[in-house]
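Line by line, the protein sequences are chains A and B.
Converting from the first sequence to the working numbering requires adding 3 to each position, the first position being numbered 1.
Converting from the second sequence to the working numbering requires adding 3 to each position, the first position being numbered 1.
Just to be clear, a hint being listed does not mean it is correct.
Remember, identical chains collapse to one label, so a pair may be satisfied in a single copy or spanning two.
[To be verified] Simulated crosslink set (SDA-like; lysine to any residue; CA at most 20 angstroms straight-line): (1) Lys298 to His77; (2) Lys307 to Ile158; (3) Lys105 to Glu232; (4) Lys101 to Lys148.
Hints listed in this document are in silico derivations from the structure and should not be mistaken for laboratory results.
Each chain is listed here by its residues.
Number of protein chains: 2
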Amino acid sequence: MWKNKKYKDIKNKVDERILKITANKNEIIQEAVTDLVNAGGKRLRPILVILASRFGEIEDEKVYNIAAGIEIIHMSTLIHDDIIDEADLRRGEKTTHKRFGKKMAVFIGDYLISRTLDIFEDNLSKKSRKKLNKVVSLICEGEIKQFQNKNNIEISTLDYFRRIRKKTALLFGLSMYIGAYESGIRGKKFNHLYNFAIEMGMAFQIEDDLLDFQGKEDITGKNVGKDLESGIYTLPVVLLLNNKKTKEKTKEILRNENKVIARKKIIELINKYDMIGESRSIAEKFVKKAKNNLKELPDNKTRKFILKIMERQIDRRY
Amino acid sequence: MWKNKKYKDIKNKVDERILKITANKNEIIQEAVTDLVNAGGKRLRPILVILASRFGEIEDEKVYNIAAGIEIIHMSTLIHDDIIDEADLRRGEKTTHKRFGKKMAVFIGDYLISRTLDIFEDNLSKKSRKKLNKVVSLICEGEIKQFQNKNNIEISTLDYFRRIRKKTALLFGLSMYIGAYESGIRGKKFNHLYNFAIEMGMAFQIEDDLLDFQGKEDITGKNVGKDLESGIYTLPVVLLLNNKKTKEKTKEILRNENKVIARKKIIELINKYDMIGESRSIAEKFVKKAKNNLKELPDNKTRKFILKIMERQIDRRY
């Protein structure tokens, strides 16, 4: 995907804008931001902002400011996440708090947020800013809920869907929401773009969660089986917990075994009952709903490009 | 001060509004916020918002929303601070992260900020919101700078003043800024209110820093000598480092001794050269400048009340 010239051009323009917005004469801030930008990442959320805007009209200057702002918010949540999880690496690079210390990392995160709010003040309508506040509140609620649901063997698939909606899909949705709204898009076209991004976000997070069982440490920079061991049950486990055949056995394991053994036994069950396959077919349903929304949009280059990005992203072949 | 009925009435109304703004059906969020409100605190920043507004005109509903918002922002910075400092107690009560864990505490802090932004969206003018963003950026820069200046024996008094300006005075200033601006106050009256709050904030932080040397653990809930030991040099130490008579000796101690011995020896020097007294007289100069600004305001009940609050707060006799 990165070799796609169109994608790369947008990504570079977003990165430039991020550096411009967050520029500061303080050398630590400057270094931290440069590191974050250079560490890479797909810039998926800003791409969604920009592609949504192409179904309407907006100045380039404005839409790149908005897109960069969304990515900076995303970056600062990653900084805060890494502090809490005490993660040393992200995408193979040292995390901000590992380089500069926890205290610095929190304030670098907060600095980034305040800079973004200022950019949004000048580039977003009140309606979009209200939507942003709402989404951030819901994301926080989602994280708190995820914590409350830790080690909860009574978790339902609906609980799981609600969690990933808040964790990921809402920010995908928000990206297309503000890209579209600020470009004057309204009505059905607006709804299809928003719903497309929500459904895509759901599929994206399911696939992301599946990586926890696939040991592709080199690609994601995350440890394997970490979610399960830390009591966060993602879709394959949730399916085991809600399937007549596997329910009781799974609960028994999670209730009685120590974490290391439980992890091993659960992975065996997941493989035996092909819960990865089942999870993937659920992700596919979200992809299908996303595509159905896309189909309702004008058939142009942008629509084709969005489809291509979604297919590549969900497959994770990047 | 708390027994003053007028003060108590405002404080109660602010607390009610804080609970209303942050209300959430999630029980952890609800409990965390109730704890924070019940843990007490002076509500100094919201009081400044409200008293500044009384020199102009504004609906009660609106000004209490703004005042509560400022206090919620302050609360969430305290939550984040306590996480980083790994502090177990604040005002004698368990800190949020001690009760709910670090992860929860970060998201409770972020939730509070997003709720406040939403309140500010509806109750503040663009100008005030831009000022808020600017102040938050500067506060973050200040914290980063404080970190860079840790154990810096070349720190000047000007460095120290710049630090406490960002750390405390700017948020005091912002409180009166938005209280006044949103009440239609402009020109000289506006400047005097803003400058009053800045100068008061400077004096307040100097006195707050002095508590580190006074061992009133029961009042502040903080440990004693903690700043010095952790390499944060507050005014008495900065004065030692910038006084011809004490400079070399102080530098030698901070350079060569281990932290425990350095702490003991520095406290001896502070007492010998009465650097607490000298710091206090510097704080008094800021109080004087604050009073000079106050004098330029209409001589009414509010002005008298502000004066009374400042005198009580700086003396810390509460």
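Hints, one by one, checked against the model:
no.	hint	in the structure
1	Lys298 to His77	neither (28 angstroms within a copy, 47 angstroms between copies)
2	Lys307 to Ile158	neither (38 angstroms within a copy, 59 angstroms between copies)
3	Lys105 to Glu232	between (24 angstroms within a copy, 19 angstroms between copies)
4	Lys101 to Lys148	between (27 angstroms within a copy, 18 angstroms between copies)
Of the numbered hints listed earlier, those contradicted by the structure are 1 and 2.
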